[in-house]
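Participant: Sequence:
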Amino acid sequence: MPGRASSKEASESGKEASGSTAPASSSERILWCHCYHHCPDDSANNTCRTDGCCFTMVQEEGGALVEKAGCLALSGSEFQCRNTGNPLQRRLVECCSDEDYCNKNVHPTLPPLKPPLYVDGKIHHMALLVSVTVCSIILAFIIVFCYFRYKRQRSRPRYNIGLEQDESYIPSGESLRELIEQSQSSGSGSGLPLLEASWFRETEIYQTVLMRHENILGFIAADIKGTGSWTQLYLITDYHENGSLYDYLKSTTLDNKAMLRLAYSSVSGLSHLHTEIFGTQGKPAIAHRDLKSKNILVKTNGTCCIADLGLAVKLISDTNEVDIPPNTRVGTKRYMPPEVLDETLNRSHFQSYIMADMYRLRADSLGDRTALCLRRDP
Numbered sequence: 001m002p003g004r005a006s007s008k009e010a011s012e013s014g015k016e017a018s019g020s021t022a023p024a025s026s027s028e029r030i031l032w033c034h035c036y037h038h039c040p041d042d043s044a045n046n047t048c049r050t051d052g053c054c055f056t057m058v059q060e061e062g063g064a065l066v067e068k069a070g071c072l073a074l075s076g077s078e079f080q081c082r083n084t085g086n087p088l089q090r091r092l093v094e095c096c097s098d099e100d101y102c103n104k105n106v107h108p109t110l111p112p113l114k115p116p117l118y119v120d121g122k123i124h125h126m127a128l129l130v131s132v133t134v135c136s137i138i139l140a141f142i143i144v145f146c147y148f149r150y151k152r153q154r155s156r157p158r159y160n161i162g163l164e165q166d167e168s169y170i171p172s173g174e175s176l177r178e179l180i181e182q183s184q185s186s187g188s189g190s191g192l193p194l195l196e197a198s199w200f201r202e203t204e205i206y207q208t209v210l211m212r213h214e215n216i217l218g219f220i221a222a223d224i225k226g227t228g229s230w231t232q233l234y235l236i237t238d239y240h241e242n243g244s245l246y247d248y249l250k251s252t253t254l255d256n257k258a259m260l261r262l263a264y265s266s267v268s269g270l271s272h273l274h275t276e277i278f279g280t281q282g283k284p285a286i287a288h289r290d291l292k293s294k295n296i297l298v299k300t301n302g303t304c305c306i307a308d309l310g311l312a313v314k315l316i317s318d319t320n321e322v323d324i325p326p327n328t329r330v331g332t333k334r335y336m337p338p339e340v341l342d343e344t345l346n347r348s349h350f351q352s353y354i355m356a357d358m359y360r361l362r363a364d365s366l367g368d369r370t371a372l373c374l375r376r377d378p
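Under UniProt numbering, read the sequence shown as residues 1 to 378, first letter to last.
Keep in mind that the hints are not guaranteed to be accurate.
[To be verified] Here are the computed lysine-lysine pairs in the BS3-like style, where the Cα-Cα straight-line distance is at most 30 Å:
hint	residue 1	residue 2
1	68	104
2	151	250
3	333	299
4	283	333
5	299	283
6	333	250
What the hints contain is simulated information worked out from the structure, not anything from laboratory work.
Fair warning: this is a prediction, and the values are worked out from it, not measured in the lab.
Take the sequences, apply the hints, and build the full model.
Facilitator: What follows is the structure, given as structure tokens:
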């Protein structure tokens with residue numbers, strides 16, 4: 001047959017090319033294969049022989065397709081002819097053993113790569129869409145929160161000024177004697193002008209040289225009027241229609257600028273009291289001892305002036321002694337510093353009284369009441 005003759009001639013030519021003279025064993029099958037890029041060292045004319053099978057392989061290396069062909073031994077050929085299922089390993093093998101040079105015209109083709117689910121442009125668009133959505137949700141939450149906060153502040157009840165203005169100056173159920181016992185000051189700020197010791201002390205303080213200051217209540221005159229059976233003590237000062245800082249804060253809503261003006265003027269007046277002025281006719285250092293919002297008056301220009309000096313003490317710098325009035329009670333207990341309440345205050349040291357004044361100023365006048373006033377501001 002022509003086919004067998006050609007096969008036999010090819011087999012004989014292959015033997016001559018390989019230079020082998022040993023006859024093939026009848027029990028061993030020899031297969032001749034076409035080889036390139038995978039030829040053994042003893043191959044000639046791109047041919048090789050094996051007892052297994054011929055193969056042709058195409059593989060992607062560095063982005064380029066490389067085709068190889070050659071012989072596979074019988075042992076292990078079954079596994080080497082299997083294609084891997086890993087899509088990342090780009091390789092395809094085809095094996096044959098039906099005739100000599102069966103792999104010569106075999107050219108396997110790699111399947112095309114599947115495109116990724118999202119290319120770079122789509123990923124960027126998706127990221128942008130997610131970012132815009134998240135930012136929109138956050139902005140919506142912020143707007144809703146601000147809206148409900150605004151509604152809650154608008155619905156908050158305002159301070160009823162009318163109720164405060166209708167209150168009696170002397171509460172019901174309290175006698176005049178009880179009110180007198182509650183205060184021993186002369187009353188230029190909040191007390192009653194009946195106790196003679198406090199009246200004399202306040203008159204003495206107001207008549208001190210260089211005492212006048214824009215943040216100290218202006219003194220005009222003092223007088224005593226009596227007929228034998230009764231006595232009236234008069235203390236005439238400037239009139240301020242806004243009343244005390246206590247009443248002013250309850251009926252007025254302040255902004256930051258107005259609050260700072262009240263605080264600054266109060267501190268300025270207290271600083272003038274505490275400061276000793278040296279000279280031919282100097283001013284001694286003075287401590288208030290009963291500083292509170294009811295003893296601070298508010299002027300029409302929005303500044304404060306300190307009043308009610310019936311419990312004040314003076315420093316005699318020549319002898320370094322503290323001039324203490326004969327009053328037995330010292331101020332209002334609610335605003336007393338701890339050292340006064342537990343009676344550990346050094347009464348012979350004037351600096352202790354200055355520190356006590358600063359405590360009272362922070363505890364009442366510039367502390368809780370100004371903070372309460374600011375909280376009313378919508």
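Participant: Does each hint fit the structure? Answer for all of them.
Facilitator: Hints versus structure:
1. 68 - 104: Judged against 30 Å, a Cα distance of about 11 Å means the pair holds.
2. 151 - 250: Since the Cα atoms of residue 151 and residue 250 sit roughly 24 Å apart, the hinted pair holds (cutoff 30 Å).
3. 333 - 299: Roughly 27 Å separates the two Cα atoms, so the pair holds.
4. 283 - 333: 29 Å, holds
5. 299 - 283: 25 Å, holds
6. 333 - 250: 21 Å, holds
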